[in-house]
Amino acid sequence: MRKSWHARIFTRVVSTAGAGCALASMALVGTAVAADHGLTLPAGFSSVVLHEGQGTARHIDVAPNGDIYIAGRNGLSAMRDTNSDGKPEMVSTFGDVKGTEVRVFRNWLYVSDDVGVYRYALTKGQLVPGGARETVVGDFPRERQHSDKTFALDPKGTLYINVGAPSNSCQQKDRQEGSLGQNPCPILENYGGVWVFDGTKLNQTPANGRRFATGIRNAVAVEWNGKQNALYAVIHGRDSIDTLFPALYSAEDNATRQAEEFHRITDGGDYGWPYTFFDTKLGKRVLAPEYGGDAKKEPEVGKYPDPLVAFPAHWAPNDLLFYEGKSFPEKYRDGAFIAFHGSWNRAPEPQAGYKVVFQPMKDGKPNGAYEVFADGFAGDMKDNSPRNAQYRPVGLAVSPDGSLLVTDSQKGRVWRISYRGK
Amino acid sequence: MKARALRLSAVAGAWLVAAYSFAAEPAPGQLLYNRHCLACHQADGGGVPNMQPAIAGGSWVKGDARALALFVMSGGFDSASRKESDVGNVMPPFRQLADDELAAILTFIRQKFGDGGSPVSAADVSAARESDPGR
Numbered sequence: 000m001r002k003s004w005h006a007r008i009f010t011r012v013v014s015t016a017g018a019g020c021a022l023a024s025m026a027l028v029g030t031a032v033a034a035d036h037g038l039t040l041p042a043g044f045s046s047v048v049l050h051e052g053q054g055t056a057r058h059i060d061v062a063p064n065g066d067i068y069i070a071g072r073n074g075l076s077a078m079r080d081t082n083s084d085g086k087p088e089m090v091s092t093f094g095d096v097k098g099t100e101v102r103v104f105r106n107w108l109y110v111s112d113d114v115g116v117y118r119y120a121l122t123k124g125q126l127v128p129g130g131a132r133e134t135v136v137g138d139f140p141r142e143r144q145h146s147d148k149t150f151a152l153d154p155k156g157t158l159y160i161n162v163g164a165p166s167n168s169c170q171q172k173d174r175q176e177g178s179l180g181q182n183p184c185p186i187l188e189n190y191g192g193v194w195v196f197d198g199t200k201l202n203q204t205p206a207n208g209r210r211f212a213t214g215i216r217n218a219v220a221v222e223w224n225g226k227q228n229a230l231y232a233v234i235h236g237r238d239s240i241d242t243l244f245p246a247l248y249s250a251e252d253n254a255t256r257q258a259e260e261f262h263r264i265t266d267g268g269d270y271g272w273p274y275t276f277f278d279t280k281l282g283k284r285v286l287a288p289e290y291g292g293d294a295k296k297e298p299e300v301g302k303y304p305d306p307l308v309a310f311p312a313h314w315a316p317n318d319l320l321f322y323e324g325k326s327f328p329e330k331y332r333d334g335a336f337i338a339f340h341g342s343w344n345r346a347p348e349p350q351a352g353y354k355v356v357f358q359p360m361k362d363g364k365p366n367g368a369y370e371v372f373a374d375g376f377a378g379d380m381k382d383n384s385p386r387n388a389q390y391r392p393v394g395l396a397v398s399p400d401g402s403l404l405v406t407d408s409q410k411g412r413v414w415r416i417s418y419r420g421k
Numbered sequence: 000m001k002a003r004a005l006r007l008s009a010v011a012g013a014w015l016v017a018a019y020s021f022a023a024e025p026a027p028g029q030l031l032y033n034r035h036c037l038a039c040h041q042a043d044g045g046g047v048p049n050m051q052p053a054i055a056g057g058s059w060v061k062g063d064a065r066a067l068a069l070f071v072m073s074g075g076f077d078s079a080s081r082k083e084s085d086v087g088n089v090m091p092p093f094r095q096l097a098d099d100e101l102a103a104i105l106t107f108i109r110q111k112f113g114d115g116g117s118p119v120s121a122a123d124v125s126a127a128r129e130s131d132p133g134r
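Sequence lines, in order, name chains A and B. When we follow numbering that gives the first Met the number 0, the leftmost residue of the first sequence carries the number 0, and every step to the right adds one. When we follow numbering that gives the first Met the number 0, the leftmost residue of the second sequence carries the number 0, and every step to the right adds one.
Treat the hints as calculated values from the structure; they're not laboratory data. Here the structure is a predicted model, which means the values were calculated and not measured.
So these bits of chain A aren't anywhere near chain B, every CB distance computed over 10 Å:
no.	residue
1	Gly43
2	Gly156
3	Arg332
4	Pro365
5	Glu370
Below, a list of computed lysine to aspartate or glutamate pairs in the EDC-like style, where the Cα atoms sit at most 20 Å apart:
no.	chain 1	residue 1	chain 2	residue 2
6	B	Lys111	B	Glu24
7	A	Lys361	A	Glu329
8	A	Lys226	A	Asp153
9	A	Lys155	A	Asp197
10	A	Lys325	A	Asp362
11	A	Lys172	B	Asp131
12	A	Lys283	A	Asp293
13	A	Lys381	B	Asp43
14	B	Lys111	A	Asp382
Chain A stretches covered by chain B per the calculated footprint, using a threshold of three residues with CB under 8 Å from any CB of chain B:
no.	stretch
15	164-178
16	339-349
17	383-397
A virtual CB, placed ideally from N, CA and C, is assigned to each residue, including glycine.
Chain A extracted, bound-state conformation:
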């Protein structure tokens, strides 16, 4: 479960292994992998590989009974540990949604793809949803870039959808050297922000939504914080300042300066894309080169908030989770885990990211520096190419026992990370 309120409001009780529906391909499989996991973790933590082979896994969620649901570019899958040995014996694929987000909410499984958010009814006793897919919001335009419609739900059922901008920096000619920015950026009318909908209503279209926050290039990692009663996101920063504006920025600048920004997302907030980015070298927000930036000029004071945390450039934050489990040590309570998928746009500099980071939090604000929590996913990564990464972390969830689950998009591997004590 991503959030503790899932457990409070999710009322179904699953007691027996369920039968598959017509859409499901059910299999009892023995693909759980043994000790070969290779992650580096803080002292006292250990990991096991729950499963591998469900294709390009993306986000993950866990029902209160421990059933695991995974979204992926290959489709949806569900897993259940039927003999309480900590590993799933029952693994099923189901449905027809290929995408990133999956969340258990009340007695529904909410999922999304590039053009919509959908839900399946969860039936008591059944691992795989038996009913038809319902459309909550459909008909988003099909775009090529930043098209994952990741989302969060608050306890009332308000649906917050990340509508990524189909653009790098709103240039007149996208990703073309020297092309200046469109001003104002027309993309922001329908993209580059978070839109809210009533998550309990069906058959909505984008026109039924309200723009909640703007200036957000792409927030794959978007999460409701139940204790703070607030939305948070970690945003993918812009690419290619060096190749687009070589007179202003070097390849090393491009590899290091544009932060991946962690924000508390407020109603009406504007987080600065495409006009600005947060420069980690200068430690401040600067105007983007497409909008009059000269590698140091700043926007109007106070116009855009600084990030809570400026993470290194291009690490690709793909999931955010506030830890409300009980089994990790006290310092982890209410802190933020962030899964970084790892860079591609640092080349020719060495690629980086490919790790799960922990950001200590107190009262909804950072409380000290972030720490690398799980590393060692990428392996040797021949030729500095993301394609050759052994694993790339994408999704996070917490099991009812407090262990952290992490998915991988290279081989569909799923790890369970547990605290065993010092």
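Assemble chain B onto chain A, guided by the hints.
Coordinates of chain B only, in the frame set by chain A:
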């Protein structure tokens, strides 16, 4: 004396050529590839899954030189094959590069990622530019 001087010059010249080679100075095409192409297509020409397509192993890099030049010059925006692909990002046009620069890049990628394909000349690029509807 003259013959000895010539021999010495020849030795020095060979040494200079060897030194140039061993200095690992990349070919002009590789330098241009590194600047304009590598970030997306990566050092090994393999691209990035779901983001940018591979050059290596593809049909464009091994195919007709002028068609390849026109494709890179005009970018992926109007390519029917791109519309059907899974990768997210679309290649921008590279019309701004000179004929000899494009020729050097295309020659490099054909040698490295196109099974040692034939070089692309500046004349090939120039001819492609003549047929570029977006020029």
